[in-house]
Every structure is written in structure tokens, then in C-alpha cells.
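Visitor: What follows is the residue order along each chain.
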Amino acid sequence: MIEWTETARRTLDEYCARSKAVLAGTGADAEEVVEDLRRHVDEEVSAAGLKIVTESDIRRILARFGEPGSAIEKKAVEKQSAVPPREPGKEKKRPGFILFALGVVLPLVTLIFELITGASAGVLFDPLPSWIHIAAVALVPVVNFQIWRAGRARDSRHERWLSWLNGIALGICVYYMILYLPIMPFATIGVIYFGLGLIPLTPLVALVATSWLRLTYAARIAKEKLPGAAWGAIAGFGFLFLLQLPVALTYYGLARASATDKVTRLHGVRVLRMFGDDQLMLRVCYGLLWRDVNFDVVRLVASGNQQISADQARAVYYQVTGRPFNSVQPPPLYTRRGRWNVVDQEFEWDGALGGEVVAGRVKGLSLLSSRMDAVAEPDASLVYCEWTLEFKNVASQQREARAQIALPPGAVVSRLTLWINGEEREAAFGGRSQVRQAYQQVAVVQRRDPVLVTTCGPDRVLVQCFPVPPDGGVMKVRIGITAPLILDSLEQGQFVWPRFLERNFGIAADFKHALWIESPVRLSGDPTAVVTPKSATRPFSLRESLPESDAGESKRVVVHRSADVKSVWSPAEEGGQLIRQTIRLVPAAAPARLIVVVDGSIGMQKHAREITDALLELPAGMELAVIVAGDEARVLNGKPEKVAPAVLTGLARSLRLAEFVGGQDNVPALELAWDLAASAEHGAVVWIHQPQSALLAPESTLRQYMERDSTATRLYEIQTRNGPDRVIEKLDGLAAVERVPRFGSVRSDLSGLFAEWNGKRPRLALVREPIAASLEASAGSRCSKHIVRLWARDEALHLAARREREAGIKLATENQLVTPLTGAVVLETQQQFTQNRLAPADPKSVPAVPEPQTAVLVGVGIVAWIIFRSRRRESLNR
Amino acid sequence: MDDDFFDNWTVQVRKGLLELCILNALAEEERYGYDLVKTLVEVHGLGVTEGTIYPLLSRLRVAGLVGSRLEESSSGPARKYYSLTREGRKAMDTMNDYMADLNRSVTRLRKKGA
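First to last, the sequence lines map onto chains F and V. So the number in the numbering used here is just where the residue sits in the first sequence, counting from 1, plus 64. So the number in the numbering used here is just where the residue sits in the second sequence, counting from 1, plus 467.
Worth flagging that the hints you see were computed from the coordinates, not collected in a lab. Each hint should be verified, as a subset may be incorrect.
No farther apart than 30 Å at their CA atoms in a straight line, the calculated lysine-lysine pairs in the DSS-like style are these [to be verified]:
hint: 1; chain 1: F; residue 1: Lys326; chain 2: F; residue 2: Lys84
hint: 2; chain 1: F; residue 1: Lys84; chain 2: V; residue 2: Lys578
hint: 3; chain 1: F; residue 1: Lys289; chain 2: F; residue 2: Lys157
hint: 4; chain 1: F; residue 1: Lys849; chain 2: F; residue 2: Lys630
hint: 5; chain 1: F; residue 1: Lys289; chain 2: V; residue 2: Lys557
hint: 6; chain 1: F; residue 1: Lys598; chain 2: F; residue 2: Lys619
hint: 7; chain 1: V; residue 1: Lys482; chain 2: F; residue 2: Lys115
hint: 8; chain 1: F; residue 1: Lys619; chain 2: F; residue 2: Lys849
hint: 9; chain 1: V; residue 1: Lys505; chain 2: V; residue 2: Lys482
hint: 10; chain 1: F; residue 1: Lys287; chain 2: V; residue 2: Lys578
hint: 11; chain 1: F; residue 1: Lys576; chain 2: F; residue 2: Lys427
hint: 12; chain 1: F; residue 1: Lys540; chain 2: F; residue 2: Lys456
hint: 13; chain 1: F; residue 1: Lys287; chain 2: V; residue 2: Lys505
hint: 14; chain 1: F; residue 1: Lys794; chain 2: F; residue 2: Lys326
hint: 15; chain 1: F; residue 1: Lys794; chain 2: F; residue 2: Lys703
hint: 16; chain 1: F; residue 1: Lys824; chain 2: F; residue 2: Lys794
hint: 17; chain 1: V; residue 1: Lys482; chain 2: F; residue 2: Lys287
hint: 18; chain 1: F; residue 1: Lys908; chain 2: F; residue 2: Lys874
hint: 19; chain 1: V; residue 1: Lys505; chain 2: F; residue 2: Lys427
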């Protein structure tokens, strides 16, 4: 410890005061020079090893120093520096604790708090939507700390860098201050009275602190002005503004795309296609936005404060991207509980419970097992398939499992079973609205066990079952499907396994459906299938494990049959009648006018070449027009023209050059196509499309055309890939709509259709008709009741087309079928059936696939009976 | 030669050279203030004192040619370090070039005179 005498101290002080006076106006920082001199004296004292510093010691040291400034020419200095001398009383103090707290600690703590809790994101808006935003906000406390430290140390080495970074930090503060501007008055009140709401005030406080630090630093290093304040601020603000521009344009586009008039809508969609932020659009689609951005300035300004519902956003998302929203993983959900609290990519709350849409995935619900057991009747050219599904729910609340299922072409649901407490309960069949009402009453209101199956388009059904019990509960259902074979020839037909089109439950990546089909005659399938040949005790069988990822494609089995059997029969419900099914070669008359509607959505681009190639196979003489359903429905060749090489070449070129973008509304194009087709004597529309995940325009006009049209105009629809189609759903029950079975590429399936029209490929049809029982002998061999069910299905559709709904419902109900007019529902108790005026199917009357053991027993019995008969015959002959 | 004349002349020369000497002293590395001042004081013929150098250092720092920072020291008062800024380095190079040119010209004149 070094001691200074009073006189030594005074001597030094006097020298310093004298120096200050001399240095004023020399261009040097007098205060700094004096500090330096004092420090130097301290060093000298320390170096001399003095314990007590006396006046003489100081005088000796100062004598060496000489008088400060003695070697400086005053005039020259003034010329070099424009810095005015500072008055000693106005010297800037070192930046202290308050600036550190407000400029460094507060922004840093606020940033960490928001990252951990998502408080602002959960209540107001998300201020940190990306890592870039987080980095930008973190820059403020980092720069402030550096400038605070440099100011304290009078460190001017990085003056230029720090000045510019400080300017950028100012811009960042201004940007966030503007975002929080609407909420600031409330936040101020909140902080004063409740001690809450500091986040919205932080940008303002940080802005003041950052400016203050800048001024203090400038004063500390004796600079009147530091560079980069304005341009740095513009750079910081501009960077975040540009970063936010896609968001602003997305809000703008969403608002315009949801407008009522078409031109504005189209403008909005085009803006979104160019600048739309995919994540933001998805957040609106998943309903994760409107609850937390009531004060989002960007949204308020860009959208004109227009609220956009999740349904509207989903339709817009499809138009913009061409993908259904629920085919994309949901974006992170920002809640009070945590910024990165993603809900396992699934909905917490199921808003579609009991409704008629599948909607998005719900949390905790998954498919536990899936098996399809099928039995073929080759003579009757049909397959009966039972699809047994088990759903598991690990969520803490009850869940409804919903799925759209694609049935085999021409198939009908003929059985529905639900397991309640381990017991099988059969469904009641009734009018569509009647069964849905019963389901909603029992499922949604009473929260008991029902399952419902209704149609949702040609060869499509919607299955919904509730409740799948919480905390690991399992629900098991079985759907029986009667399906006719698609006959390639008299010797063989194809059976297409049913598959999911859309579902609200998860399926594990390695999940496999267990497929089993048996037949008295040979079966063939994929090379991966295990085929067991027929023996004395068992029929032919084929089994396969089908991953869900492969189930999107049409999975088929070829059922071989005897070409000699062309006619079979089965007794109808009504006494004295049989239903006879005959295989007939039906001449497929080529339409006089064909209108091909090509979906202009982005996913169709890759099929343009296939379509143009297939068109070359159209029969000559037919009138043809091709419409691309783009933002505007456009007839590529202007009007229908006779098929000729020049016409086809022109169409091929136009189609290849056509713009395929986003997801397109096909309804206007279909209306135009139907008008053009129906104006000819025998017209047809072929609609080639990707799944239309959103209904973008009302279908009522199109449906009216098709219902009221008395011509034989037909609509052939070819869907290019697996998925739900909202337009097709709305055309449910219309006899004029025909689904073209998908077996291969778009090209080959189109070629197959055109080949029938060309007469190059025979069209084998299964014709079912009621005949008098007395004609039994001429009706061929007897088969199962499934042909009665298939006949009843077709008849119910015809009755519906003839507006004889009641008769159609009666017929379908009696035959226990799910048709556009009827549905199937399983309720838990007999009382519930009675209350809803429904009667469950008699278990003895429902179709069934024989259990393997039963089949073995039957087989053994038949073999024993044949042996017994042959031996008896031999003994009689003897 | 009159001693007063020579003394006045050397004072003028030293005044002009002092800033360049400080910049050159910092050319290689950042330097601790006390050490820097001691070095300059001991330069033969420069004849400067601590009281002269500190105002000059401050003036160079205000002009943006020299940067400084304080570093706390466990063994004594906080130490002040000086270093050249980019502008300072440019100025030093220019001044050195000028000095070299000037020196060459003066030498050439002397040879011609001889």
C-alpha cells in the first residue's frame, strides 16, 4: 500500500489543473491527458518502489514531464481538429449499471423468456418465427454490451464497427417497437398495475438504452458524432422488413384469395403462388393462427384485418400448392407452454367429430392392426372381402377414427361389425340421414359406441367410429365388401383390394396390412405374394403383407375362372324371383363427341405426354375437344373437331405447352365440358385429374346438369393418384358418373378405355336381372347371395336416378347395403336401435368369410361325401 | 554556427517528427502506454518529455489515427494500451514515404552542392 502525503497530492493536482487549462483548445482530450499523466505518475511511483510519496518525489517526476503541451503549436492543432474543447464540468461519466440493465440485461432476458415460454407468440404474435429473427434480436444486447464495455474503457479501437452495429441494433429496436406499438398502452398499464407485460415495452426501452449508449460512447472517446447511425438503422430495419415481406404478402394474398369475387380471388392466389410463405399458410390451415395474432401489426395492415377461417385457408392452400394441407406436416405450434411444443404433427382438438369430413390427423390415434380376408367366387365373378381394423388411442381423451376408403370398382359394403366388450355386433342398415342422425346422437351426444359407414362418392365410403377409448384403448370394426371382378376375359378377372384414401389416424412407417384371399380355382398376384396351391382339404389361397406406403397404388389379385360358366343365379328376397347374372359381350359404342377435361393442377404436368399419346388412339370420326381446367377453363382447340392427325398434333402441342400450376378448380371446366358433350347426340366427358382436396366452387350447377340431362352423356373419371376428391364426393349417386378402374399408368388405362370404343378390346359386362323362379333350369348354376346384393346395389342407384328414393332405400336396406341412399350403423344397445327406429342385421343373414378351420372342416366333409357317394355308386353298380 | 539557431531549428524538426515517431512506435504491435512513453523519451535526439507525449497521443486518438483501451491490472493501476487504427497506418505510411522522399531530395541537393 503506497501512501501519499497531502502536499504530494496537492502538487500533482495543481500540475494537472494547470495542464488542463493549457490543453484546452489544443485538440487533445484534456481530461484524458490528465488521467494518463496521473496513471503515469502512479507507474513511476510503483516502479521506484516508493512506500510513501512525498512532495519532492512528485516534483522530481514532474520536472521530467515538463509542462504539458509545451511542444505543441496551437495554431497547427486547431487546423487539424474541429473537435471543440470540452468543458471540464461536462465530462461524460462512464456508462453505468442502468445502461447495462436496460440495454443488455433487459433485451437478453426478454429474448430468453420468449424463447422458453412463447408468451408473446401464444398471446399476441410470434416475434421470433425463425433463427434469423432470434439472431437479430440477440444482436441488440450483444452490441450494447460491447459498446458499454468500450465506453467504460475509452476503447476506440473498434469504433467504426461498434458504431455501425449500434446503428443496426437501433433499426432492430425500431422494427420491434412498431410491431408492439398497438399493445404498448395496455402493456404499460399491465406493468404499472400488475407487473406483467414487459415484453411489448422492451423494444422501446432497448431503443432508448441503445441510443444513450451510443451518445455515451461517443463522448467517452471524444467524438462528436459516430458513423452509421442512420444507415445502420435503415439496414437493421430493412433487413427485418424484407424478412417479413413474404409474411405480409401472404396475409395480403390470403385475404384476397378468400374474397367473394373471382378476379380478386385469382389475384390473391397468384400473389401467394409467387410470394406465399408456406409455413404461415399451413399455420392458418391448421387453425394455429387466429387465436394468437390479434395484435399482429403486419397482419392487420396487410390483410386489412380480414379474418380467414381454417376452411378458407385450406382451400386456398390447395389452390396455391396443389397439395392438400393435411398431406404436409403441421408447422410448429406456439403456445404459452413452450415455443417448440409441436403437437406430434397432429391436432389436439378434433373439430370434425361426428361430421362428414375426415379432416387432419388427431393426436394419439393410430391403426393397430389391419387384415383383409377375402373369398372369391370365380363362377359368380365376385369376391367377398372383410376388412378388419383395430384402432388404438393413446391420447387422454376419446377419439373418433375416420377414414375414406376406396372400394373395388362396382363394389358395395354389405356388412359392418363392431366389437363391443369382445362381442360382435352387426349393423343396422337404413336411410342415409337416419343412420347418420343415430350415429351423431349416440356418438357425439351420448358418447357411446357406434360405428357408421356411408358413401362419399362412386366406389368410396366414409367410415367413422367413436369412441376409441383413451389411454391405450382399442376399437375393432369389420367392413364386409362385395365386389364384382373386373373381367379381362372369360378366363380371368381382377380384384382390387380396398385402400385408404384419407384418414385422421396415424399409421406406423413399418405397418403392413395382412391380405388373404382364397378361391376354389387358381389365383395369381404379385411376385411377393405367397400362393398356396389347392389340396383335398383346402382351396387355393394367396397371402401377402402390404405396407401402407404401397397401398396407395391399386393392389390387385387375378382370379382365374372357368370360361364355360357364363351364367349364375341366386334366389332374391322377394318370393318367386331369382337374380341371374350373365357375362355378356357388350358393344361399347364410341361417343360421337368426346370432351377431355385435363386438370390444370401442378401434379398433372407429368401426365400431359401420356394423355396426348393416348389421344392418338381415339377412333377417327369422333368429335374431340380438350379443356384444361386452369385458372380459367380453356378449350385448347377452340371447339370440338373431328379427330384427325392434324387436330391431334395441335392438341398435343397445346397440352404440352399448357400451364399446370397450383391446385385448380375443375368444376367450371366440367360444366363447360358437360354442356359441349350433352349438345351432341351421344357425348362423353373424360375427366383426368389429381385428387381435388378442396371444393373450390359449388358443384350444384354441375350436379343439376347431370341429374336433369336426359341424354346418354356420361362422365368417365380417371384419378391419377390416391387421395380424396371433393368434387367426386359431391357427385355421389349419379348414374352418369363412371370410375375408370386404375390398373396401370394413365396412358395404359386411357388406352384401355379408348380401345373399347375402337372395338379393339371386348367389353365383358356382368348383367344382373331378376327372372322368374321357374326359369331356374336355364339360369345356370346357383351361387351365393352376393349377386343379389350387387343387383340390389345397381337397382338402388337406378331408382335414385329415377327419383324413387324411398323404393331405393327400401331395396338397399332389405339387402343390407351401403349406397348413396343408405348407410350402416352399429349402436351399442338394443334400446338405442329402437329409439332410432333401426333394426340390427340378423347375424345369420350377414355374409361371412369362412374361418380357415371351418373351411378345412367343410373341405374334409365334401371330400368324405364324394368318397362315400362314389363307393355307394360302385356298390350299386356291382 | 550560432547555437541558438541550431536549437531553434532542432525544435522545429522534432515537433514535426514527433507524431511520426509515435505512429512508427506503434507500427508493429499494440503497446502499453507507460512503456511507449518511456521508449519515446529515450530516443536519442528526440528530446521529448512525458508531458509532451500524452497530449500528442490524445490528439492522435481524437483524430482517429490511434486507438486505446484500458485493461485492469492486479498489480497496480489500470493499464492503457495504444494501437494503430487503419487510418493511422495509412497516415504513417504516407508520412514515412514523404520523409524518405524528402531525405533523398536533401541528400541529392547536398551532393550537387558538393
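Visitor: Does the structure break any of the earlier hints, and which numbers would those be?
Guide: 1, 2, 7, 10, 16 and 19
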